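Asks: As they're listed, the protein sequences go chains L and R. Numbers 124 to 358, taken from the numbering used here, label the letters of the first sequence in order. Numbers 17 to 300, taken from the numbering used here, label the letters of the second sequence in order.
These are computed hints drawn from the structure, not numbers from a lab. Errors might be hidden in some of the hints.
[Said to hold, decoys possible] Each computed EDC-like pair below joins lysine to aspartate or glutamate, with the alpha-carbon atoms no more than 16 Å apart:
no.	chain 1	residue 1	chain 2	residue 2
1	L	LYS301	L	ASP206
2	L	LYS205	L	GLU256
3	R	LYS57	L	ASP206
4	R	LYS198	L	GLU193
5	R	LYS57	R	GLU189
6	L	LYS276	L	ASP206
[To be verified] Simulated restraints on C-beta separations:
no.	chain 1	residue 1	chain 2	residue 2	range
7	L	GLU239	R	PHE286	39 to 47 Å
8	L	GLY260	R	PHE177	55 to 63 Å
9	L	ARG139	R	PHE133	52 to 60 Å
10	L	GLN235	R	VAL169	30 to 38 Å
11	L	ARG242	R	THR157	51 to 59 Å
12	R	ALA165	L	GLN182	50 to 58 Å
13	R	ALA165	L	ARG139	51 to 59 Å
14	R	PHE32	L	LEU257	34 to 42 Å
These numbers come from a predicted model, not from an experiment. Backbone N, C-alpha and C define an ideal beta-carbon position, used for all residues, glycine too.
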Amino acid sequence: MALITCQNLCLGYDGREILHDLSFEVNSGDYLCIVGENGSGKSTLMRTILGLQRPLAGQILTGDGLRVSEIGYLPQQTPVQKDFPASVREVVLSGFEGKCGWRPFYTKAEKQQAEENIRAMGIEALSRRCYRELSGGQQQRVLLARALCATSKLLFLDEPVSGLDPRVTAEMYELIEKLNKEQSITIIMISHDIAAALRYASHILHIGDRVFFGTNAAYQESGIGTVFMKGGDVL
Amino acid sequence: MTEILNKLTLYWQYPFVRYALAVGVLISLCSSLLGVTLVLKRFSFIGDGLSHVAFGAMAIASVLHFTNDMPLVLLITILSAVALLRTGQNAKIKGDAAVAMISVGALAVGYLLMNLFTPSGNLSGDVCSTLFGSTSILTLTKTEVRLCAVLSVIVVAAFVFFYHKVFAVTFDESFAAATGVKTKVYNFIIAVIIAVIIVLAMNLVGSLLISALVIFPALSAMRVFRSFRSVTICSAVFSVFCSLLGILISILAGTPVGSTIVAADIVMFFVFSAFGAFMGGVHA
Ligand SMILES: Nc1ncnc2c1ncn2[C@@H]1O[C@H](COP(=O)(O)OP(=O)(O)OP(=O)(O)O)[C@@H](O)[C@H]1O
Ligand SMILES: [Mg+2]
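With the rest of the complex left out, here is chain L (with noise of 0.2 Å):
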């Protein structure tokens, strides 16, 4: 059975509908983009996925033994109170919460990797400061080392490059490919940036007028995305 099965989902806010009849399947170790305009319903999707609002209707089904407390996320916008103090360390940290259970602690082990991952987001000289205090970039980035505290299996992004430099960007995408290749956790991401998504997806979610799911390879023979693809340079 597949890790997350999408069937007949409608989508929307207070009866409002934002996406109509979206059927689709993820397996393990897939590397799902999702594209779409702006407003076409993407982190709605994700959101509804992830169990914090409810469809309008449809079902969706997990398999493979997956386990909540084995999802990484990194949302779109966290609406952090403004004066909320938190080190990095604790934000990152708090990734493994959900894999505490009724535990009070982090483990040595949990700690150890929490200090790996942001090693790899290259914000450990950040590491002591206090979170509301960084520029977008590198709250992005602490973030993101938080959703990779709490992946085992399944990690939801939901443009994960957005606000960061061309450098760690790319870093960012390479780190992601590792996460999916060496570890096999399967990759479910929303993005702009169309020209990274079909040099390392596995498979294409096109959301919007026309609706588009399949392997990667038929999504570019589709020719769905080609208008958007056009205009994709720039975004």
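Since the structure of chain L is already known, use the hints to place chain R with the ligands on it.
Replies: Relative to the frame of chain L, chain R with the ligands by itself:
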């Protein structure tokens, strides 16, 4: 100076002074712990509302001539805390209105009940002490001190046990929920702890001044420190220090305990603000 010391040693011999200090330390420790969460989750208004509910519950208990009103007050306050947190999550604006309604309603009904059913002539004194805690801390019985101590230990233990979960739920609730943290359970636990703290703190400063005890330490610590742990530790120390200072001054100067403690909180808040502005924040 020696005169003050002599006076203090004299007072120290009275058990009620020792009780007051012990209870003061415990309660102020507890009330400071969840301050950061309450302030950041915009729950501080709930603290206010709950203290009024506790006042109403206390009025009911005294009308029913309960010898020990704590269990009833505790029960009613916990139930209201859970209810308020629920409504607060479902609809934000309605939640605010619900808090206002419940809290003002409880205050009015509480006063009405006390007015109707209290035979003693000292009604305004009674009401005043429940609202401002003017004398209650110095008239604690041994049982009340024990109950306070037990509850405080439970609160502190629960906070230490749930510390990382409280952080996760406060910092980013939807991330926590998405990655398998039982946010509903922890919100419920937070609500219960808040209710216990409110009831405890009522003994110290009375129901009108509780918010001060909860909010001032957190806000002051946030002026200076920048990590959750240092803010938590600092607000605990801040709160205990101000309460001790307040109780001692009130004993020496004969001022009401609750308002003296809050006055000490206010003074220290300005000290911390000035220090924070001067230092630009300590990164620890
Ligand atoms: N909380 C909300 N309440 C009501 N409508 C919402 C809410 N959040 C989003 N919407 C609407 O749902 C639609 C889809 O929003 P969503 O955030 O899923 O888009 P998106 O595809 O992620 O866009 P972007 O590329 O800009 O991130 C939009 O039209 C938006 O106006
Ligand atoms: Mg989005």
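Asks: Output the indices of the hints that this structure fails to meet, ascending.
Replies: 1, 6, 8, 14
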